[in-house]
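Sequence lines, in order, name chains V, E and A.
Every letter in the first sequence is one number past the one before it in the UniProt record's numbering, and letter 74, counting from 1, is 74.
Every letter in the second sequence is one number past the one before it in the UniProt record's numbering, and letter 120, counting from 1, is 120.
Every letter in the third sequence is one number past the one before it in the UniProt record's numbering, and letter 64, counting from 1, is 64.
Treat the hints as calculated values from the structure; they're not laboratory data.
Treat the hints with care, as some may be off.
[As the list claims (entries may be wrong)] With a Cα cut of at most 30 Å, we get these calculated DSS-like pairs of lysine-lysine:
{"hint": "1", "chain 1": "A", "residue 1": "176", "chain 2": "A", "residue 2": "122"}
{"hint": "2", "chain 1": "A", "residue 1": "185", "chain 2": "A", "residue 2": "122"}
{"hint": "3", "chain 1": "E", "residue 1": "204", "chain 2": "V", "residue 2": "8"}
{"hint": "4", "chain 1": "A", "residue 1": "122", "chain 2": "V", "residue 2": "187"}
{"hint": "5", "chain 1": "A", "residue 1": "176", "chain 2": "V", "residue 2": "187"}
{"hint": "6", "chain 1": "A", "residue 1": "107", "chain 2": "V", "residue 2": "204"}
{"hint": "7", "chain 1": "A", "residue 1": "210", "chain 2": "V", "residue 2": "187"}
{"hint": "8", "chain 1": "V", "residue 1": "187", "chain 2": "A", "residue 2": "136"}
{"hint": "9", "chain 1": "E", "residue 1": "127", "chain 2": "V", "residue 2": "3"}
{"hint": "10", "chain 1": "A", "residue 1": "3", "chain 2": "A", "residue 2": "185"}
{"hint": "11", "chain 1": "A", "residue 1": "3", "chain 2": "V", "residue 2": "187"}
{"hint": "12", "chain 1": "E", "residue 1": "208", "chain 2": "E", "residue 2": "127"}
{"hint": "13", "chain 1": "V", "residue 1": "3", "chain 2": "E", "residue 2": "208"}
{"hint": "14", "chain 1": "A", "residue 1": "3", "chain 2": "A", "residue 2": "210"}
{"hint": "15", "chain 1": "A", "residue 1": "136", "chain 2": "V", "residue 2": "204"}
{"hint": "16", "chain 1": "E", "residue 1": "127", "chain 2": "V", "residue 2": "204"}
{"hint": "17", "chain 1": "V", "residue 1": "187", "chain 2": "A", "residue 2": "185"}
{"hint": "18", "chain 1": "A", "residue 1": "136", "chain 2": "A", "residue 2": "176"}
{"hint": "19", "chain 1": "A", "residue 1": "136", "chain 2": "V", "residue 2": "3"}
{"hint": "20", "chain 1": "V", "residue 1": "3", "chain 2": "E", "residue 2": "204"}
{"hint": "21", "chain 1": "A", "residue 1": "3", "chain 2": "A", "residue 2": "176"}
{"hint": "22", "chain 1": "A", "residue 1": "107", "chain 2": "V", "residue 2": "187"}
{"hint": "23", "chain 1": "V", "residue 1": "187", "chain 2": "A", "residue 2": "184"}
{"hint": "24", "chain 1": "A", "residue 1": "184", "chain 2": "A", "residue 2": "107"}
{"hint": "25", "chain 1": "V", "residue 1": "204", "chain 2": "A", "residue 2": "176"}
{"hint": "26", "chain 1": "A", "residue 1": "107", "chain 2": "A", "residue 2": "136"}
{"hint": "27", "chain 1": "V", "residue 1": "204", "chain 2": "V", "residue 2": "187"}
{"hint": "28", "chain 1": "E", "residue 1": "204", "chain 2": "E", "residue 2": "127"}
{"hint": "29", "chain 1": "E", "residue 1": "208", "chain 2": "V", "residue 2": "8"}
{"hint": "30", "chain 1": "A", "residue 1": "122", "chain 2": "A", "residue 2": "3"}
{"hint": "31", "chain 1": "V", "residue 1": "204", "chain 2": "V", "residue 2": "3"}
{"hint": "32", "chain 1": "V", "residue 1": "8", "chain 2": "E", "residue 2": "127"}
{"hint": "33", "chain 1": "V", "residue 1": "93", "chain 2": "V", "residue 2": "187"}
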Amino acid sequence: MNKTVNQKAWFLVLPVLVLVAFSAVIPLMTVVNYSVQDTFGNNVFFWNGIRWFEEMLADERMWNALGRQLVFSSIILAIEVPLGILVALSMPKRGFWASFCLVVMSLPLLIPWNVVGTIWQIFGRIDIGLLGYTLDAIGIDYNYTQDFYAAWITVVVMDVWHWTSLVALLAYAGLQSIPDAYYQAAKIDQASRWAVFRYIELPKMAGVLMIAILLRFMDSFMIYTEPFVVTGGGPGNATTFLSIDLVKMALGQFDLGPAAAFSIMYFLVILLISWVFYTVMTNLDKRDAKG
Amino acid sequence: MTHTAQAPGAASIPGDMTADRAAARTRRLRRPSGSVVVMTLYLLFLMLPIYWLLNMSLKTNTEILSGLTLFPHTLTFENYATILTDASWYMGYVNSLIYVVMNTVISLAVALPAAYAFSRYSFMGDKHLFFWLLTNRMAPPAVFALPFFQLYSSVGLFDTHIAVALAHCLFNVPLAVWILEGFMRGVPREIDETAYIDGYSFGKFFVKIFMPLIASGIGVAAFFCFMFSWVELLLSRTLTSVDAKPIAATMTRTVGAAGVDWGVLAAAGVLTIVPGALVIYFVRNYIAKGFALGRV
Amino acid sequence: MAKITLENLAHSYLPNPSAEDDFALKELNHDWADGEAYALLGSSGCGKSTLLNIISGLLIPSQGRVLFDGQDMTHAPTAERNIAQVFQFPVVYDTMTVRENLAFPLKNRRMPADEIARRVQKVGAMIGMEAELGRKARGLTADAKQKISLGRGMVREDVNALLFDEPLTVIDPHMKWELRTQLKKLHHDFGHTMIYVTHDQTEALTFADKVVVMYDGRVVQIGTPQELFERPAHTFVGYFIGSPGMNLFDAELAGTAATVDGARVELGRAYAARGRRVQLGVRPEFVRIGTGDAGIPARVRRVEDVGRHKIVRLEVAGREVSAIAGEGTRIPADANRITFDPEGINVYADDWRVAPEGEAA
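In isolation and in its complexed conformation, chain V is listed as follows (with noise of 0.2 Å):
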């Protein structure tokens, strides 16, 4: 569509300016103050450059929590993509249990995030949770806060549980949009059961797949409340994300200066990450457009 050029379109979007400026600008404009200043308390601020900086980039600290993060999404984008797609792909086209399919597959994703947690934290107690439980009666050991891995597989399956729903119900609002002609034709041209997916479905999902991967990656990259529930972050630092490491820094120890550092850096990868996204989609739809 060519869009008129209308400089008064401003007028339009200036709501929206005036109240994420407020909501995150000024905001922002803090952080970055605390950024490059340190304190010895009572209010009093002097410039520090970028001490703070080098600090956090020489920190190890940071540096293990963004390799948890970055190894948290990697496993959840690889796990619930696939999952999500296999799942739409398996629901119902339509009729009661299409309608059934989709409350049940919603219904995760409208639970605030700390009930999530406590929902997992109950399940996985060896004492009074059904999986925990179980696990225990034949014979596996597993105790999500002492085990390493125990206190992984359970952050995991919780997110895999809690957000695979949403890639199944993009994807499947994809797969709604292919007219029965293509699946016909298919059946004509006598295409396997994998040709139809690779040259039919594949294609059409594309779009609404990269919104889901960009969003979940961009979710999973700032988790904080679900696993801060279940594990706290342990054992150890073993589940000490990103957000969860920040939030410890600035709430916790009250290290404004370098959790501010930490903050801006932490802001641009995913800025960084996601752009790339981004840039990925439009040049989709544009492709699309042509076509």
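Dock chains E and A against the given chain V, drawing on the hints supplied.
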């Protein structure tokens, strides 16, 4: 037409067709499919933890701690009664609902004109502005928790509903703009032009003609705003202490000196699922389309 | 290639159809002769796509059988029927090149690579897309995509039938002509059985050897374009085919004549159609305009000059009637009567044509 008609050149058209219809009728046999297995397992995986929470909320603490039972042997609504009769408990729900609704209304109100501008006009810096807006959706709440706390404290908004509502605009406004822009792109410009030719003012056109056209988009945006505001905890907990404390934060008080009051904790958890479940039930027929965000 | 036979075929989308109205396709018997080009003509919702999908095997009929050269294929899956189908909206595999698209049905049938290459090249030339073979199908125009869909059918040289489901709907008008001409030529050159579904009479009449007209889930007439024009079996055929459609007049029969609006109309032959709603159907081509006292009273409303001839719109007893007059004919200013050419009159009872006594029905 029930009589037998014979037209020249026509295929024979018997009037009565009841004969051996049943015998000749054929049905496609339903094959037992992998899809059903996959869906059953997946839904089971989703429902089990929720069922477990519900199960626990209907038990007494004694039963919870005395061993594993797959369903409540001594059914009790005591845990729910505790929550629903204690103002410090149920006000948590009220607080949450207040700021979630406020946030949804604010987000939509500012996002609608902006999305219209992005979908219809090109203006200086529009692409950069759009991307910058989206970056706010990518901002980790953890980064903003402390600055928000200081900002809202300094302007005297700490522990108010509006503070949480405004803070949640950080990620909901960009999302709403993005979703609405997608839906608005699908409405042909000719409709705008026709309306202006018919003498509609911009405001009247927008409310009377345009908004009904993208009603489903508004619904979807509202759904997502509601969802993300309802489930967020880090910011809402940081910005409140007593008067606007959300239910999700209230739940931590089940941990007392005598250990955890599991029954009440579970009941509170179940009650936080209810509003979401209600919303889903009402929009169930739009979910599939809605999740496409107007972009398929 | 094969003869396709439909036996007592009927279909309903309801699980337990009882009333006749439950059937989207009412019972019919028909042979589709090998190598002929058929058009399946009707307005939307008349059941023509249902019929097509039953032949292609995308739908299993509620009752009856589908035979290919006498062999029962009612329950055979689409792939076994060896038919090709072109859909209303072009179906191409976006991520493949044009060449890969054309090769796809052959690859799936595990044909040797050199044979595939040879056939793809040939079909590419047939549909006039040799130059674009290496291009990605995404981003091609609608008519190019439709040609690819057609090519995917043509590339299997032994198909039993080529089915078209309103294939030119999304094509630009000037490309429609070209594609239709190409189709005719392909039919002429290769002699595939073709069944072409459309709601456009021009498309049907120019494409097909035989036109099958459907109305309300029922086949009302099968015939050559000329038969449909001269002897419409049902008032719907008369109305649907021809531009403008056939005029209908309520009439009473008496011997070899009829009475329309109080005026006597000579039929020349007797018809047995008593006790039912009797109508005369007269195509505008057979309506003559005149003055004087003979014929049915009429009033000229307006004259439309469409180039080759004039369409005269008249009013007869409050209803509109059309007549076609040659380009050179002058319409008298005081025209007040219409008469009919006797050979252009068809008699209908309850919408079905009644043959004159002595002529085989």
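Measure nothing beyond the straight line between the CA atoms of residue 93 of chain V and residue 187 of chain V; if it is 30 Å or shorter, mark the hint as holding. Measuring from Cα to Cα gives roughly 18 Å; hence the hint holds.
Hint consistency between residue 3 of chain A and residue 210 of chain A [alpha-carbon to alpha-carbon, up to 30 Å]: holds (15 Å)
Taking only the CA atoms, is the gap from residue 187 of chain V to residue 184 of chain A under or equal to 30 Å? holds (26 Å)
If you draw a straight line from the CA of residue 176 of chain A to the CA of residue 122 of chain A, is it 30 Å or shorter? holds (23 Å)
Hint consistency between residue 127 of chain E and residue 3 of chain V [alpha-carbon to alpha-carbon, up to 30 Å]: Judged against 30 Å, a Cα distance of about 13 Å means the pair holds.
Quick one, are residue 185 of chain A and residue 122 of chain A close enough, alpha carbons at most 30 Å? holds (15 Å)
Going straight from one Cα to the other, do residue 210 of chain A and residue 187 of chain V come out at no more than 30 Å? It holds: about 28 Å lies between the C-alpha atoms, which stays within 30 Å.
What's the verdict on residue 122 of chain A and residue 187 of chain V, does the C-alpha distance respect the 30 Å limit or exceed it? holds (24 Å)
Would you mind confirming whether the straight-line C-alpha gap from residue 204 of chain V to residue 187 of chain V stays at or under 30 Å? holds (18 Å)
Just to be careful, I want the Cα atoms of residue 3 of chain A and residue 176 of chain A compared with a cutoff of 30 Å; is the pair within it? holds (28 Å)
Straight-line Cα separation of residue 8 of chain V and residue 127 of chain E no greater than 30 Å? holds (16 Å)
Pair hint residue 187 of chain V and residue 136 of chain A, alpha-carbon separation not exceeding 30 Å: Holds. Residue 187 of chain V to residue 136 of chain A sits at ~22 Å (cutoff 30 Å).
Of the numbered hints listed earlier, not one is contradicted by the structure.
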